[in-house]
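Chemist: Make a model of the complete structure from these sequences and hints.
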Amino acid sequence: MQPVIKTEGLKKTYFLAEPVHALRGVSLEIEAGEFVAVMGASGSGKSTLMNIIGCLDRPTEGSYWLDGIDVSGLSRNEQAEIRNHKIGFVFQGFNLLSRTDAIENVELPLVYHRGKHIKNPKKMAIQCLERVGLGDRTDHHPAQLSGGQQQRVAIARALVNEPALVLADEPTGNLDSRTSIEIMGLFQELNNEGVTILLVTHEKDIAQYCKRRVEMRDGVIVEDEKIEHRKDAKYDLENFHGFTGI
Amino acid sequence: MKIFKLLEVAQSSLLKNKTRSLLTMLGIVIGVSAVVVMVAVGKGAQANIEERISALGTNVLMIRPGSGDFRGVRGGAGSRRSLTYADEQSLREEATLLAAVSGSVSSQEQVVGGGQNWFTTITGVHPDFLEIRAWELADGNNFTERDLRSRTKVALIGQTVVENLFEGQEPIGQTIRIRNTPFRVIGILEEKGDSGFGRGGGGDQDDTILVPLTTALYRLARDHRYVSMIYASAYDMDQSVEAEAQIDEIIRRNHKLIDGQENDFNVRTQTEITETFSSTTQALTTLLGAIAGVSLFVGGVGIMNIMLVSVTERTREIGIRVAVGARSSDVLTQFLIEAVVLSLVGGILGILLSWGFCKFLTDSLGMTTIIETRIVVIALVVSAAIGIFFGLYPAQKAAKLDPIDALRHE
Chain A
1 MQPVIKTEGL KKTYFLAEPV HALRGVSLEI EAGEFVAVMG ASGSGKSTLM NIIGCLDRPT
61 EGSYWLDGID VSGLSRNEQA EIRNHKIGFV FQGFNLLSRT DAIENVELPL VYHRGKHIKN
121 PKKMAIQCLE RVGLGDRTDH HPAQLSGGQQ QRVAIARALV NEPALVLADE PTGNLDSRTS
181 IEIMGLFQEL NNEGVTILLV THEKDIAQYC KRRVEMRDGV IVEDEKIEHR KDAKYDLENF
241 HGFTGI
Chain B
247 MKIFKLLEVA QSSLLKNKTR SLLTMLGIVI GVSAVVVMVA VGKGAQANIE ERISALGTNV
307 LMIRPGSGDF RGVRGGAGSR RSLTYADEQS LREEATLLAA VSGSVSSQEQ VVGGGQNWFT
367 TITGVHPDFL EIRAWELADG NNFTERDLRS RTKVALIGQT VVENLFEGQE PIGQTIRIRN
427 TPFRVIGILE EKGDSGFGRG GGGDQDDTIL VPLTTALYRL ARDHRYVSMI YASAYDMDQS
487 VEAEAQIDEI IRRNHKLIDG QENDFNVRTQ TEITETFSST TQALTTLLGA IAGVSLFVGG
547 VGIMNIMLVS VTERTREIGI RVAVGARSSD VLTQFLIEAV VLSLVGGILG ILLSWGFCKF
607 LTDSLGMTTI IETRIVVIAL VVSAAIGIFF GLYPAQKAAK LDPIDALRHE
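Listed in order, the protein sequences are those of chains A and B. In this text, residue positions in the first sequence follow my numbering: the first is 1, and each later residue adds one. In this text, residue positions in the second sequence follow my numbering: the first is 247, and each later residue adds one.
Keep in mind that the hints were calculated from the coordinates and are not lab data. No incorrect hints appear here.
Heads up, incomplete: computed chain B residues facing chain A, CB under 10 angstroms, no partners named:
1. K251
2. V255
3. S259
4. R562
5. I566
6. R567
7. V568
8. V570
9. R573
10. S574
11. D648
Using N, Cα and C, we set each Cβ at its ideal position, and we do this for glycine too.
Modeler: Below is the structure:
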């Protein structure tokens, strides 16, 4: 079986007043069904890597195969199509359309879907919302939902096109610790169902819910290890006490 | 992305900012209605003039003396006395393309009758004059060839004369005195209205008395050879050029003009007159429409302005759409459609407004206004085009946004 992500010597240089080498040769391979956390301080190059892996940006050098397709040299339109078919995005700031309800937000990738005709996008959207536990909030607007619920809508949106990869960029960054664990629980559930997830975080606690950890520093991968003592979100939630204040 | 989906997105984003959308549209509404009203008023004026010209008669040709030239001092058209009664008779006998011919000689006289007096125009004409001018008699009879031969002192009087001399009386059979010569009234002309042009500017065509041409020539005119004008009607308007040539030929021969010598008369056809006036009103309509078009342009600039603001405000939304797979062309179309919806709805409202305004002009001010289907279609097409033209730049700006920056935009 071919890997979902395979990069070889990815380099990215920003030609500003002085050239900035954001990536200095990243080789990474991620198999289907993995759950990887990418960690690193700001400036480590993890955002640049995420943008390239998410087909929002192109490497200056090196190659990148996504689901067996060489995507390092694609045009803007081809990138858009790859994003639409292969990748589901989850962002720190949820990034939902504020004036549209949950269903329409989840439907959005299908609206831009080219190729085969989608018979019932609404039904698919509802199924995804049920999958993230929001079956009863399908017609709610983002403003009527809590942060955790908004992030669930965003996750449903990432799932609706049945992507090869879900790319989550600091998905818990805007959430309190309990909700963060809930969201990580949802990711664990989805991963158990076979969804490949790549998650960017700078919190060690959050990374502990994943299966593999990739640490970046100065544009290169410095550590790549299997996570020992993996945390189980379900268990943590049952035993969650939080800080009640003094 | 399907078109109805695009329209739905456009609609919801425009409805979200109702006040702003309405204000933006206002520019287009005013622009479109200004253009439509101006053109409708212009077209109305044109129709008015055309109606008046057709009131001139059917297939009319007017022959007038040329400009006089006395020792190098040239008078205006018609200043020369060159057309004669003999010309008129030649035309009647020889011109095969003319259905009717009538000379005319006019003078202004103080007329006494019915215990009143009135200063009016006395015109000597042939009995066919009424036929040429498509002028009916309201009452009584036209005079005849016999009256012409015997120079009978009979008269047909216009409505204005009736009102001024015979208010409340039966005019037929009454006697009027023109320069102390008694004339018997045998007919009353139907009302013809204001010509709007012609002799002496806005002439009241009903302020006239018609008498047999010979009577006028021999009893009222100083010189009984010359007529001031000859009216003729062609059998067929399509042959007006040929008829004109025939007239030229006959009168040139009568006047013994040799080849190369200029005509001492000129012929104008009704078509020419219509064309002259039409081109004037056409020019006026175009001018008014163009001025109104400027306001339409300003309305378009308003749309561009708002669309630019909208693109900046919705940078994040654009980023989201691009991230989940929207292409540049999808974003471009979305914003373009929003601009077109704005301008097109503005255009439709503008047309409704102008329709109401024209109705007001017609009902309250009595102006003729004509809103042609053509102008409505043009107005709609133009407002859509304005949407595309002024929406293109903001839409391109949106389409070119980098998704990474757009997603980071606060």
